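From just these sequences and the hints, can you work out the full model?
Protein chains in written order, with our numbering: chain A, 406 to 644; chain B, 406 to 644.
Any given hint could be a false lead.
Any copy will do: because identical chains look the same in the list, a pair fits if it lies in one copy or spans two.
In silico BS3-like links for lysine-lysine, alpha-carbon gap of 27 Å or less [claimed, not checked]: (1) Lys501 <-> Lys407; (2) Lys546 <-> Lys407; (3) Lys501 <-> Lys414; (4) Lys546 <-> Lys525.
I should point out that these hints are in silico values taken from the structure, not numbers from a laboratory. As the structure is a computational prediction, the values presented were derived from the model and not from experiment.
Number of protein chains: 2
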Amino acid sequence: MKEALEGVKALAFDVFGTVVDYRTTIVAEGERLGEARRIEVDWAAFADAWRGRYRPAMDQVMRGELSWTNLDALHRAALDELLAEFDVRGLSEREKNHLNGVWHRLQPWGDSVPGLLRLKTRFVLATLSNGNIRLLVDMAKNAGLPWDLVFSAELARAYKPDPRAYRMLQELLMLGPNEIMMVAAHQNDLRAAQELGFRTAFVMRPLEHGPQAVPDLTADPFVDVVATDLVDLARQLGV
Amino acid sequence: MKEALEGVKALAFDVFGTVVDYRTTIVAEGERLGEARRIEVDWAAFADAWRGRYRPAMDQVMRGELSWTNLDALHRAALDELLAEFDVRGLSEREKNHLNGVWHRLQPWGDSVPGLLRLKTRFVLATLSNGNIRLLVDMAKNAGLPWDLVFSAELARAYKPDPRAYRMLQELLMLGPNEIMMVAAHQNDLRAAQELGFRTAFVMRPLEHGPQAVPDLTADPFVDVVATDLVDLARQLGV
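Right, here's the structure in full:
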């Protein structure tokens, strides 16, 4: 392990895409719903479109065009639009609510639980996610994610990459920024953390956007660790 | 299980005294320190005096005489006074810091971990403690407490029994007050929760204040459940 990493005491995890595979889970649940209700939908396109509305919706909140709205509510507003766009009709309120809850039931990548369990023996594991607390708690219970602390942008009322989210977690943990390592599959998240002095680990998730996507997996030179998955991260951190 | 309790989805736990035994842990650590440094202290009296300063210190914060101060800092201010009172001299800054950290290393009552593990299969388990987040995270890791959510009065910047602490947890969990049960060994905590519509469980901890104390274990008639310990609570909740 690099000397600069010896002081790291806590790992802060991005969750969507880094720890859980939203695309596959949404497609699987969508297909089950489609079969049950006999509706034809391209659920992969649906999942991508849903995720595509994530950043613009949070940006609206951060620009103050929308008062604080948690991710469940942003997901639901996007869902209502997408159901119309994809011409999905006749779902009951209960079915829509259940479908929106798919974000609470996202499945982890195969390496996530074993990797986290190893990392947990040495580090404090915290989420640092834009998902709201209830979503993250349900997800952890459902998927067996062994967090020590469920932390959310919701607590700072500021979505990542706003520095307030990272700083609030740092203050609660009572650690210096260089004692926390941000773990994410997304460069903008790592860059925001790095600007505050956090250590950074880039996790490659080539399938986040599906098998057809050609993601940029070139890690920026600023990152401290580049890991192929969370088990590899544990190995590189000497756990 | 009573019908009124069927809708309960989350349990909110008081921690000090209800889940962990601060007195025994402080006495044990104090005695080890005393032997190492050859100092004679009545550690049971020391532990009681330390805990005795807890409520007055938080009240100062809540009256606005002191700006927001987390529990670690309140414990440390009390510790410095008590070391002088008990005539404990010559501790280094490092030793004082370590001693103050005993609150992060409190040991659970014997039934706590097995009880929580059973309860976790059915309910969301959250802390609702005046301990700060870092303290609660360290404690959970050290004692193996399987929380789904570490929540603290620190997040609401309002110490229990201020209703803001209970309400903030309720909002984050996105549940109605009657879907949450407050679990505590202290009537004032349960009463505050009950006034907001929470369900309540009183846990008897006859030894919280030591073997000589004569605690009032008569549960107020308003509580929904009276349990002898957390395993008994699980049994009464049908888990």
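I want to check one pair: lysine 546 and lysine 525. Are their C-alpha atoms no more than 27 Å apart within a copy, between two copies, both, or neither?
Classified as both: same-chain Cα gap 16 Å, cross-chain 9 Å, threshold 27 Å.
27 Å Cα cut-off: does lysine 501 pair with lysine 414 within a copy, between copies, both or neither?
between (41 Å within a copy, 21 Å between copies)
Status of lysine 407 relative to lysine 501 across identical chains (alpha carbons, at most 27 Å):
neither (48 Å within a copy, 32 Å between copies)
Within a copy, between copies, both or neither: which one fits lysine 546 and lysine 407 at a CA-CA cutoff of 27 Å?
So lysine 546 and lysine 407 pass the 27 Å test across copies only (26 Å; inside, 34 Å).
Checked against the numbered hints above, the structure breaks only hint 1 and satisfies the rest.
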